[in-house]
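Novice: So the sequences go chain by chain: A and B.
Under the numbering used here, read the first sequence as residues 1 to 115, first letter to last.
Under the numbering used here, read the second sequence as residues 1 to 114, first letter to last.
There may be inaccurate statements among the hints.
Stated by the list, open to error - Short, incomplete list of chain A residues facing chain B, as computed with Cβ under 10 Å:
1. 53
2. 67
3. 107
As the list claims (entries may be wrong) - Taking lysine-lysine and the BS3-like style, the derived pairs with C-alpha atoms no more than 25 Å apart in a straight line are:
4. A:49 to B:70
5. B:102 to B:83
6. A:110 to B:70
7. A:102 to B:14
8. B:71 to A:58
9. B:70 to B:57
10. B:71 to A:102
Everything labelled a hint here was simulated from the structure, so no lab data went into it.
Even glycine gets a Cβ: it sits at the ideal position worked out from N, Cα and C.
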Amino acid sequence: AQSVTQLGSHVSVSEGALVLLRCNYSSSVPPYLFWYVQYPNQGLQLLLKYTSAATLVKGINGFEAEFKKSETSFHLTKPSAHMSDAAEYFCAVSPNSGGYQKVTFGTGTKLQVIP
Amino acid sequence: DGGITQSPKYLFRKEGQNVTLSCEQNLNHDAMYWYRQDPGQGLRLIYYSQIVNDFQKGDIAEGYSVSREKKESFPLTVTSAQKNPTAFYLCATSPPGRGSEKLFFGSGTQLSVL
Numbered sequence: 001a002q003s004v005t006q007l008g009s010h011v012s013v014s015e016g017a018l019v020l021l022r023c024n025y026s027s028s029v030p031p032y033l034f035w036y037v038q039y040p041n042q043g044l045q046l047l048l049k050y051t052s053a054a055t056l057v058k059g060i061n062g063f064e065a066e067f068k069k070s071e072t073s074f075h076l077t078k079p080s081a082h083m084s085d086a087a088e089y090f091c092a093v094s095p096n097s098g099g100y101q102k103v104t105f106g107t108g109t110k111l112q113v114i115p
Numbered sequence: 001d002g003g004i005t006q007s008p009k010y011l012f013r014k015e016g017q018n019v020t021l022s023c024e025q026n027l028n029h030d031a032m033y034w035y036r037q038d039p040g041q042g043l044r045l046i047y048y049s050q051i052v053n054d055f056q057k058g059d060i061a062e063g064y065s066v067s068r069e070k071k072e073s074f075p076l077t078v079t080s081a082q083k084n085p086t087a088f089y090l091c092a093t094s095p096p097g098r099g100s101e102k103l104f105f106g107s108g109t110q111l112s113v114l
């Protein structure tokens with residue numbers, strides 16, 4: 001069984017401030033972990049993924065996330081928020097077991113960037 | 001231009017009516033998926049298909065049906081048995097082999113009930 005918990009359905013930051021979006025996961029097998037971003041009325045786009053290589057993963061648009069097995073966390077960060085970062089962010093997990101990958105999504109965090 | 005095309009962008013359903021959402025891809029991906037998105041609930045898997053002429057139920061398949069007659073196409077029918085169909089529907093694909101864990105999404109169809 002696998003699950004994802006995203007803490008905070010809405011997060012507000014000032015432009016230029018640190019962005020921190022929290023994600024904790026539960027998985028009975030070594031997981032793959034993902035962050036996706038969704039802009040209004042659009043599909044999801046992959047920001048970054050962890051697949052058991054380096055624990056610090058860098059993604060697009062200056063985002064990065066660190067896999068911490070001891071804390072079962074995969075928080076998303078960006079040093080300086082831009083207005084264009086305003087969107088909804090989804091953390092997701094799938095079993096690292098090959099074949100078809102059943103992805104489980106969190107409930108999402110809407111990021112608001114205040115000018 | 002490679003990608004996933006969902007149509008229509010907006011769809012309205014009358015009481016007791018079946019409606020079909022289209023999903024076409026030219027990425028040559030084997031696996032295709034349908035997700036339902038409701039505010040505050042994330043994405044929930046309706047159906048998925050790994051190869052042509054084969055598909056499996058996801059977590060919330062009741063009231064929905066699919067077909068996979070061609071690799072490029074995976075239409076979703078929302079039947080009259082689905083009593084709460086208003087949601088944003090997303091089609092996704094994933095490539096074979098290495099990288100199969102990554103999902104590619106279409107731009108979605110918003111279904112509303114009249």
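Novice: Which of the numbered hints are not met once you compare them with the structure shown?
Specialist: 1, 2, 4, 5, 6, 7 and 8
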